[in-house]
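Participant: Each chain, letter by letter, is given below.
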Amino acid sequence: MKIIVAIKQVPDRDSQVRVDASGKWIVDTDLQYAMNESDAHALEEALQLKEKTAEAGGEVIVVTAGAESAGTVIREALAKGADRAIHILADDLPSRDSFGVASLLAAAVKDEKPDLILAGLQSEDLGNGQTGVILAELLGLPHATLILNVEKTDIGLRVKRELEEGWFQNIELPTPALLTIQSGGNKLRYATLMGIKRAKTKEVRQVAAASLGADVPAVAVLEQITLPKKQKSTQMLSGSPKEAAAALVEKLRLEVHVL
Amino acid sequence: MSGILVILQQRSDNKIARINWEALTATQRLGGDVTAVILGADVQTAAAEIAAKAPSKVIAVEHPLLNPYTADGFVAALHQLIESENPTHIVFPHTYQVRDYAPALAARFKQVLISDVTAIAEGPVFTRSIMQGRLSANYRHAGSGPCFLSVQAGAFPVDLPAPAAAATVTPFAPTIDAAQIRTKPGEPYRATTQAVDLSSAQLIVGVGRGIKSQENLPIVEELAAALGAELAASRPICDNGWLPMERQVGSSGQTVAPKLYIAAGISGAIQHLVGMKGSQCIVAINKDPDAPIFEVADYGIVGDLMEVVPAITAAVKAAKQ
Numbered sequence: 001m002k003i004i005v006a007i008k009q010v011p012d013r014d015s016q017v018r019v020d021a022s023g024k025w026i027v028d029t030d031l032q033y034a035m036n037e038s039d040a041h042a043l044e045e046a047l048q049l050k051e052k053t054a055e056a057g058g059e060v061i062v063v064t065a066g067a068e069s070a071g072t073v074i075r076e077a078l079a080k081g082a083d084r085a086i087h088i089l090a091d092d093l094p095s096r097d098s099f100g101v102a103s104l105l106a107a108a109v110k111d112e113k114p115d116l117i118l119a120g121l122q123s124e125d126l127g128n129g130q131t132g133v134i135l136a137e138l139l140g141l142p143h144a145t146l147i148l149n150v151e152k153t154d155i156g157l158r159v160k161r162e163l164e165e166g167w168f169q170n171i172e173l174p175t176p177a178l179l180t181i182q183s184g185g186n187k188l189r190y191a192t193l194m195g196i197k198r199a200k201t202k203e204v205r206q207v208a209a210a211s212l213g214a215d216v217p218a219v220a221v222l223e224q225i226t227l228p229k230k231q232k233s234t235q236m237l238s239g240s241p242k243e244a245a246a247a248l249v250e251k252l253r254l255e256v257h258v259l
Numbered sequence: 260m261s262g263i264l265v266i267l268q269q270r271s272d273n274k275i276a277r278i279n280w281e282a283l284t285a286t287q288r289l290g291g292d293v294t295a296v297i298l299g300a301d302v303q304t305a306a307a308e309i310a311a312k313a314p315s316k317v318i319a320v321e322h323p324l325l326n327p328y329t330a331d332g333f334v335a336a337l338h339q340l341i342e343s344e345n346p347t348h349i350v351f352p353h354t355y356q357v358r359d360y361a362p363a364l365a366a367r368f369k370q371v372l373i374s375d376v377t378a379i380a381e382g383p384v385f386t387r388s389i390m391q392g393r394l395s396a397n398y399r400h401a402g403s404g405p406c407f408l409s410v411q412a413g414a415f416p417v418d419l420p421a422p423a424a425a426a427t428v429t430p431f432a433p434t435i436d437a438a439q440i441r442t443k444p445g446e447p448y449r450a451t452t453q454a455v456d457l458s459s460a461q462l463i464v465g466v467g468r469g470i471k472s473q474e475n476l477p478i479v480e481e482l483a484a485a486l487g488a489e490l491a492a493s494r495p496i497c498d499n500g501w502l503p504m505e506r507q508v509g510s511s512g513q514t515v516a517p518k519l520y521i522a523a524g525i526s527g528a529i530q531h532l533v534g535m536k537g538s539q540c541i542v543a544i545n546k547d548p549d550a551p552i553f554e555v556a557d558y559g560i561v562g563d564l565m566e567v568v569p570a571i572t573a574a575v576k577a578a579k580q
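One line per chain: the protein sequences are L and F, in this order. Residue 72 in our numbering sits at position 72 of the first sequence, with consecutive numbering throughout. To convert a position in the second sequence, counted from 1, into our numbering, add 259.
Since the hints were made in silico from the structure, they are not lab data. Heads up, some of the hints might be wrong.
Here chain L is said to cover these stretches of chain F; the calculated rule only asks that three of the stretch's residues, wherever they fall, bring their Cβ under 8 Å from a Cβ of chain L [as the list claims (entries may be wrong)]:
#: 1; stretch: 358-364
#: 2; stretch: 389-397
#: 3; stretch: 489-498
#: 4; stretch: 559-568
For every residue, glycine included, the Cβ atom is placed at its ideal position computed from N, Cα and C.
Chain F with its partners taken away, still in its complex shape (with noise of 0.2 Å):
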């Protein structure tokens, strides 16, 4: 066993998402040869995109059946790439498609997924968050196999050398019967047309779980109002029904970074951080003075937000006054 792959996605544009080259800079952590992986149906376009930007060795899994992305297709393609190079590690960005398809890629080399990596220290000992953010856990890889990874959106800012020359593009044809893709993927599509677009908005006010109904949503409201802010909540809201789908910021909803944002009752699960954190200033209002969203946080008050959200609102007036 030598080296190590990192095996990227392209998006619908045939490019490459910053998560990719986040979980290449990750790579690097870990020492060894590594070999970026693209796979597809045509992926020249991404393959030539990595290749100009780091690894020594880029190796291009093209099959037809590999578009659309179902988790068979690429479970085969790998599993038979995975066998002809022998790595070390195998290293995945930590997306809705990696989370789709690897557990079960790990599970044909009885291997498991150490997922939604964060850090990476010397062992190498991997950490990753457990309970809703609350701790953090430090994970080593035991027994002889290939060590299957998937790192954090944000987790590793992106670090890579300037490459002497453009990487060569190795392809590789995996065998694939269409008989073994047993799902059929529908086109992609959106429930409603967006009609709030919070990525440009300078301020925002979220509202998570601590509002507790429907019925307390004005406290945050008049908040927003006060401070001429765009009104989002975390995912609990929206399911509820309390906010619509389009207000919501995390991993399933909008990536926001505004000059502001007020977590008011949100604990600061990772599915909302990563909607969030970019955030230039985050002010955090919760009543658990161990809620992770105050590791995230420039200011934070330990209350009920039913008593500060309101005492916010009133100074926010008369400081505009």
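Next up, chain L with everything else stripped away, as it sits in the complex (with noise of 0.2 Å):
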């Protein structure tokens, strides 16, 4: 199977966001970066089903948007395993809204004619969780979303899809399509040290965003980034750990009245 798994570059969940001075973005300055994480287990279920799946031509290629620093997630992507890789080269993805994104993916996909589209479900960092499924739509493939777990079969796939409150149901839908992926579904792979050395003789095709010629308007546009309104007045317990917990221990017996 030829599978292409779309992977985003997002600011690492630990690291402190701060909003820049435009206010509409984020400071990158000192910001860590990771591979958005169910975009991590998207990766990790194309290079189990390549495995599981070892006839001749199987092939995992990864793509992503971004600016020229992130390679980083691409470099991740080849070291754990992927074969090669697609990066389209924006300085300005944060002014592209999903369907702009999924509209440069589409473009640089399209000529690979993959049996599997894999994407993350939602991102880290921006959560509009739609990419995947408008490029299924622009590629005009069947998908499903919020999918744990991935089985070929003998006429296409069959997918274990995650719903609401502890239910699930299998789907089964005919290749070429798309899927995005749930986090938890499986257990992420380290890169190895002869991964990581492989890695750096892998293909990287850079390609200038601009020359795909899908360049669209967003027509959701972020305005403002803020600081989020409190939903509580939130008293702040201070003091060592002890003098905190004493504290609570006090609230919690006269103010809640559960001890």
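These two chains come separately, so use the hints to put the complex back together.
Facilitator: Quick look at the structure:
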């Protein structure tokens, strides 16, 4: 199977995010970056599928849109076992909406004729949760979202989809298809030293976003970023752990009445 | 273009869940004639429930191929309805089902869904969370096409004027060919029988990524035991297999509303918050003072849970003696 995995570089979940001077994006100096978590699970699912269906011509190709610095997540994916990569160079990713980003991805991968495209369910930065579904629509592929497990069958794929409140369902669909992958369905591998070494010899095709002829003005325009409004007035209990704990227990007894 | 469509979703028992009324409430902020839309193979019961509850008009979109739900079927049916109605806005409740098809539907109109909206201001300006809830972003819809948006569960408390009389229900019969439905969905199932019913628990101690490793779990287990509380967890803890799935709170797990919810090392991503923000009292313990969990907390302690939680356990034991 020829599998394309769409990945995104996002600020690491533990890094401090602050609004920048423009009020339209975050301060990106000193920010730590990582591969989006559900994209990492999509990559893992692709690598496992390739290993399970070890027929001739099996290939895992990662594609990302982002600045030059997003090359870090491409190298990580190649070190983990992806065969090659397509890097759509775009410095203005935050100003494009999901349709705009999906249009770039569609233009970059349409000639690859993959059997399967996997994308993470949702990015950890903007959290629109749509790029994969729009990509399927633009390429005319059937899709399924929130997928935890993918099995190849004689006629296509059988996938396990997460529903709300602890329910699941299996879905059968033909290939080529697009799936968005939920975190936690598989266990992520680490890159081996050998993998890191091999990654250096693998093909990374860089394409300028403008050269794809797929620029679409944003319909959803991000105007301003602010600190969230507090939904409750929080009483912060300070002091040493022991002091804070004593203050809390007092509140639980006298105000919340649970002790 | 005129009027607003709000696309409601019926449950498997043909009833309408609360998030739909919240979407209807949010829709009223936009101004304009509201038409509620319900679609499926048989929606008469649901349409009657909606008609009795509020908007001026209800459209019942029926076709045998709309049950079971498929993205292909719903996109085809709603594409035809939207072309026929030509609305300014299309509003959805932000459910897993909507996340599955609405982005494709919007893309068919060269539009993008403004998803998981938490507030609507003059303009209209739509607010949604970004960066895992650490920041809020305001969006405006540009261009001349219809605007698609979905609203977050719990963000718009139900506030609907009592209707003078039941609305009229207008049928709409889309044309769908069986060959258009490319996916074959199976029956929903539960992985395990739920042995733990967190929804009736009065006291809950929830644990998140901040616990760092499975070996540290006894720290929170001891606090739960001292309080007589149930232990719950955010998704990553259950994904790692450190606690069983049935203890997961959030959009993919259980929804809880205890008297007391202590969130230890939970940053407060929206997927977790929707499952517990209805708790009467929320205590948050986190090393990051900017963690979004503090936005919904009544009491907050900034610190390392490895130190703070054992201190609380000791204080609770002392108080109970």
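Participant: Under 8 Å between beta-carbons, do enough residues of the stretch 559-568 of chain F, three at least, approach chain L for the coverage claim to hold?
Facilitator: holds (count 7)
Participant: Closer than 8 Å, Cβ to Cβ, for at least three residues: run that test on the stretch 358-364 of chain F against chain L and report holds or violated.
Facilitator: holds (count 5)
Participant: Establish whether the coverage given for the stretch 389-397 of chain F by chain L is satisfied; the threshold is a Cβ-Cβ distance below 8 Å, and no fewer than three residues must meet it.
Facilitator: holds (count 9)
Participant: Holds or violated: the stretch 489-498 of chain F covered by chain L, criterion of 3 or more residues with Cβ-Cβ distance under 8 Å?
Facilitator: holds (count 4)
In summary, the structure agrees with every hint in the numbered list given earlier.
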